[in-house]
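*Asks:* Sequence order for the protein chains is A and B. Under my numbering, the residues of the first sequence are numbered 1 to 415, in order. Under my numbering, the residues of the second sequence are numbered 1 to 198, in order.
Everything labelled a hint here was simulated from the structure, so no lab data went into it. Ideal placement from N, C-alpha and C gives every residue a C-beta, glycine not left out. Be aware that a few hints might be false.
Claimed, not checked - Which chain A residues face chain B? A few, computed with CB under 10 Å, are given here:
id, residue
1, 42
2, 43
3, 47
4, 49
5, 62
6, 66
7, 135
8, 138
9, 301
10, 382
11, 386
12, 387
13, 411
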Amino acid sequence: MEREANLNYVIIGNGVAGIHAAETLRQLDPNGTITMISDEVFPPYCRPMISMVLEGAVPPEKLPIRSSSFYEEFKIEPVLGNRVSAVDVDNRAVSVNGKVYPYDKLLIATGADPRRIKAEGLELKNIFFMRTETHVRQILATLPTVRKALVLGGGLVGFKASYGLLRRGIQVTMLIRSGYPLSMQVDSEAGRMVWDELKAHGLDVRIGVEATAFEGKDSVTKAHLSDGTLLPCDMVVIGKGVFPARGLVPKEKIKVDAGIVVDEHMETSAPGVFAAGDVAESIDIARKSPWVNAIWPEAVAQGRIAGMNMAGRRTAYKGSLSRNVIRIFGMDVMTAGLITPPEAEGFDILKVADSRAKTYRKMVFKGDRLVGMVMVNAIEQGGVLMSLIQSETPIRAPREALLKPCFNFKQLMQM
Amino acid sequence: MKEVVVHPERCVGCMQCMAACASAHSRSKNLFLASLETPRPRARVHVGVGLYNEGFPNRCRHCDPAPCLLACLPGAISRNAEKNTVFIDPNRCINCASCAMACPFGVIRYHEDFTAPPGKTVAVKCDNCYERQLAGLIPACVEVCKSGALSFEEKADAMKRKTDEVARTVSAGVAQVDLAPGFTLLNAIKRQQIELAR
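The task is simple: from the sequences and hints, build the whole structure.
*Replies:* Have a look at this one:
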């Protein structure tokens, strides 16, 4: 029998979903051609760690998670420095900067871009996003002249930016539109604990306020807030979340919702076109509905599954699950799944708080399944709970046992 | 390749594996000197209490693919194929707890260790006593286990033995064969005590 011709794989994006897909592809198909396209020229690096570079805890040279010979090692042709301008689904090709790359299987792993804000004076200098290694290098370069910083957004990015700047000895004011920090990640009780911890360490947090305009001669010097305050600042970091980078997708050919909609094989509505990572929208295990879970571990899992399916090994993906772990000063916060479920829909909530030990635990159950959890401090066994949510294991052991700070694995086993 | 096998039905919860583990992962490798060291050596096997006070030695399963390895942000976690062991490099670890969130068995702890840069908290877990194995020794937890709850053997052998044990329970004329008679009795007594106390 004649062998099939070598397949042409094209991967858009060299983030963690893209590299895991490429490695999986190479493992399963030693002969296929793999082309990787990215606008970032820095070697594949760990995006969540950029905040640690800002903080000074990690030097920038520790960011790469693959060696500089990564592309050669896996026989990948890198096309770096430009964004893909168009995807032609009918002719199975993508174009970058006028050049056309044909594909048999395409992976869109473009990730997400920082959400822009509406305000006057955004063209001033020293107003930054914090998403890429380049952004952090720009922020670091201006640090010597900065004394007061303004951080917009109380989500993870705003939070890590504030933390990093505080550790650099800079005065930080944080503006949060919702009622408490990390409102997308934690419930109000845990949010309150986080807020207290931040205040105790000198962060000025303002709730229910937004920036409406920025002033300055060349670079920013003042910010006008929605409550009428005029706030002096010489740097602004915008951390108002991210949205899937799906601008290059032809919406009439590929189904797009909040992100690019994928099936359980990470394949989009266009055959041969796959999506993974922050740009993909899959079924959320806890919510049981389509959702974009733009987090690192899901990007790794989705990249691997996409790679397997692209190489012809049909493998199903169970679905994604939101989760996060944050270490703030002396406090650890871990969350997973559905944390603030809609009322009157048959969810049971169990909580326990210990103000002296500074611990808090909340479990959300639906029927006999665990669907969400929040833990503040004593998080070591959180992974067990995470995997109970992920595997949808029926919990027959007493639920209260799970609330104890050091429950044992054996308590979950049915004897 | 020999591996550590856990037989939970035989654990009496004596925690000697924990002491042996902590001392095997100390500078001095001596239990008494280890207790005086800074940072204090800590166990990487964790004996927990079940619903009825029975013990359970919880240790790293060295999964493949390992969820902690896939979740690790700085790429500090790697797999050694030769010894089927998942390692954490304390120099690359950034103490972000992403592995704690990924580990389905809850076996990773965060503290200082003599192998890590001084004063730095890192993720720590079982390394199958890699250094001891290179020196021709078996893992410390197995060496010290008196009740047979931990063994170091070829996985295929352990599975064959277990299959035979189970097969014997369905042999003709056998009412019930207890796999671990003494331990079952002990656990039954513990269970009774707890239920009476309620």
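*Asks:* All hints, please: hold or fail.
*Replies:* Here is how each hint holds up against the structure:
Checking residue 42/A against chain B: minimum C-beta separation of about 15 Å lies over 10 Å; hint violated. Annotation: residue 43/A was flagged as interfacial toward chain B, and the flag is violated, the nearest CB pair being 12 Å apart, outside 10 Å. At a threshold of 10 Å, the smallest CB-CB gap from residue 47/A to chain B is about 9 Å, leaving the interface hint in force. The beta carbon of residue 49/A comes within 6 Å of a beta carbon in chain B, closer than 10 Å, and the hint placing it at the interface holds.
Here the hint on residue 62/A is kept, as its CB sits about 7 Å from the closest CB of chain B, short of 10 Å. Because the beta carbon of residue 66/A sits about 8 Å from the nearest beta carbon in chain B, less than 10 Å, this interface hint is met. Hint status for residue 135/A: violated, given a least beta-carbon distance of 18 Å to chain B, over 10 Å. Of the supplied interface hints, the one on residue 138/A is violated, with its beta-carbon coming no nearer than about 22 Å to a beta-carbon of chain B, more than 10 Å.
Here the hint on residue 301/A is kept, as its CB sits about 7 Å from the closest CB of chain B, short of 10 Å. For residue 382/A, the interface hint holds, the least distance from its beta-carbon to any beta-carbon of chain B being 6 Å, beneath 10 Å. With its C-beta approaching chain B no nearer than about 6 Å, residue 386/A sits inside the 10 Å limit, and its interface hint holds. Interface hint at residue 387/A: satisfied, since its Cβ lies 4 Å from the closest Cβ of chain B, which is below the 10 Å cut-off.
Evaluation of the residue 411/A hint against chain B yields a held restraint, the C-beta minimum of about 5 Å falling below 10 Å.
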